[in-house]
Amino acid sequence: MSSTFPQHIADATVTPEMLEEVTVAISDEVQARGGKTDDPMWIIYRTFWGRDINPLVTTAIFFRMQALSELINAGELSEWQLPGQYEHGAVMIGAEVFRAAAAAKLILTDERGDSPRFEPSEFRQLVLAAAKPDGRC
Numbered sequence: 430m431s432s433t434f435p436q437h438i439a440d441a442t443v444t445p446e447m448l449e450e451v452t453v454a455i456s457d458e459v460q461a462r463g464g465k466t467d468d469p470m471w472i473i474y475r476t477f478w479g480r481d482i483n484p485l486v487t488t489a490i491f492f493r494m495q496a497l498s499e500l501i502n503a504g505e506l507s508e509w510q511l512p513g514q515y516e517h518g519a520v521m522i523g524a525e526v527f528r529a530a531a532a533a534k535l536i537l538t539d540e541r542g543d544s545p546r547f548e549p550s551e552f553r554q555l556v557l558a559a560a561k562p563d564g565r566c
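For the sequence shown, the residue numbers in our numbering are 430 to 566.
Be aware that one or more of the hints could be misleading.
To be verified - Estimated spans, in silico, between C-beta atoms of each pair: (1) Ala461 with Asp440: 28 to 36 angstroms; (2) Asp467 with His437: 23 to 31 angstroms; (3) Gln554 with Gly463: 32 to 40 angstroms; (4) Pro549 with Ala461: 31 to 39 angstroms; (5) Asp467 with Gln554: 31 to 39 angstroms; (6) Glu540 with Asp481: 28 to 36 angstroms; (7) Arg475 with Lys561: 29 to 37 angstroms.
Calculated from the structure, these hints are not laboratory results.
We treat Cβ as the ideally placed atom computed from N, Cα and C, and that holds for glycine.
Based on the sequences and whatever the hints tell you, model everything.
Right, here's the structure in full:
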């Protein structure tokens with residue numbers, strides 16, 4: 430990375446709760462608009478409007494959500510998707526996925542068109558570490 434700006438975004442502290450809150454806000458928006466949605470970045474800004482949150486953090490939330498979406502769409506997290514398909518193609522994922530998405534190294538490049546991403550094997554390790562055993566063998 431030749432710029433420090435992407436590094437500041439990648440290093441911004443994002444909590445699992447922030448990611449879950451944005452997921453709920455996006456889901457509510459999709460439901461209210463019959464499957465359509467406003468620009469996700471605007472939903473993020475509206476979600477945190479009036480709170481003392483650094484704009485780099487809201488940008489990091491957006492990029493982390495994009496990276497998480499890439500993993501879900503690629504089928505990398507099927508083990509952590511809850512059963513069933515929801516309206517408008519939505520899937521439910523376990524809370525441990527949000528913990529991993531908040532902690533994983535966010536990979537950003539200076540190349541136009543490159544999506545933010547997580548390294549899949551590192552992400553899986555973080556999800557496994559965050560998962561709580563449910564008592565079954």
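* Going through the earlier hints one by one, which of them does the structure break, listed in rising order? -> Violated: none.
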